[in-house]
Amino acid sequence: MEGITISKEIDARGSFCPGPLMELIRTVKVAEIGDVIAVISSDEGSKKDIPAWVAKAHHEFIGTEPAEGGTRFVVRKAR
Amino acid sequence: VDESQEKFSVVLFSGTIDKLTAAATLITGAAVMGKKVTLFLTYWGLIAFRKDDWKTNRRFSKDFEDYAGPAMELMQAKHVPSWMDTLTQAIEIGDVTVKVCGQTMDLFDIKLEDLEPFVSEVTGVATFVEDAEGGTTLFI
Chain A
4 MEGITISKEI DARGSFCPGP LMELIRTVKV AEIGDVIAVI SSDEGSKKDI
54 PAWVAKAHHE FIGTEPAEGG TRFVVRKAR
Chain B
47 VDESQEKFSV VLFSGTIDKL TAAATLITGA AVMGKKVTLF LTYWGLIAFR
97 KDDWKTNRRF SKDFEDYAGP AMELMQAKHV PSWMDTLTQA IEIGDVTVKV
147 CGQTMDLFDI KLEDLEPFVS EVTGVATFVE DAEGGTTLFI
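Going down the list, the sequences are from chains A and B.
Convert by adding 3 to the 1-based position in the first sequence; the result is the number in this note's numbering.
Convert by adding 46 to the 1-based position in the second sequence; the result is the number in this note's numbering.
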């Protein structure tokens, strides 16, 4: 994730499916176009669900990285 | 109306919280993936949507009733949101319409104003079938 500035990070560890995705959607909704949003999730389902939603909603999926107690998903609001 | 939008319809017959939780989660998934969701409430599914009933509903599927106590405790300990919170979020974020079965309303003398405020319309089964045509339909 070098060279990427995260505008907002959500800690959704411990939140159940579809909680982390819902928190991401809420945050993306109110963000500015171009903002980079990260969400940390401990829910295994997020690994498939978050990229699936990002593609469907036509945002940009930047990537994932391991985080303490979960995975960090990084997304750019594209529209 | 966007005719190309895929439909995802749920007939909610059950009013036990395990099934309500599963239904609310599925509906949320469909809503966030941009489906046009119709939730049709009938019988015990309708009873569970009487105003504030969800706050006191502790009913659980009979076939797994030995799990009811532990499941409820785990849901609380792990802060699983109530099915009503999950569903309300889906309604806020996506295209979700909640309709109710007129026959059940008549049978139990329930009026639209007795139900949660997001229930928008009393309808019949034929209308539901028409609404759901060409999409995915689940009976829960």
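Derived from the structure by calculation, the hints contain no laboratory data.
Hints are not guaranteed to be accurate.
Taking lysine-lysine and the DSBU-like style, the derived pairs with C-alpha atoms no more than 30 Å apart in a straight line are [to be verified]:
1) 145(B) x 81(B)
2) 81(B) x 32(A)
3) 82(B) x 145(B)
4) 53(B) x 59(A)
5) 51(A) x 53(B)
6) 82(B) x 101(B)
Note that the structure is a prediction, hence the values are computed from the model and not measured.
(Q) Run the distance test for residue 82(B) versus residue 145(B): straight-line Cα separation, threshold 30 Å. (A) Holds, at roughly 13 Å.
Q) Between residue 51(A) and residue 53(B), is the straight-line Cα distance small enough, at 30 Å or below? A) holds, 22 Å
Q) Between residue 53(B) and residue 59(A), does the CA-CA distance stay at or below 30 Å? A) Answer holds: residue 53(B) to residue 59(A) is near 15 Å, not above 30 Å.
Q. Does the alpha-carbon distance linking residue 81(B) and residue 32(A) stay inside the 30 Å limit?
A. It holds: about 18 Å lies between the C-alpha atoms, which stays within 30 Å.
Q. Given the proposed pairing of residue 145(B) with residue 81(B), does the C-alpha separation stay at or below 30 Å?
A. holds, 16 Å
**Q.** 30 Å Cα cutoff - pair residue 82(B), residue 101(B)
**A.** Within the cut-off at roughly 28 Å; holds.
Checked against the numbered hints above, the structure violates none of them.
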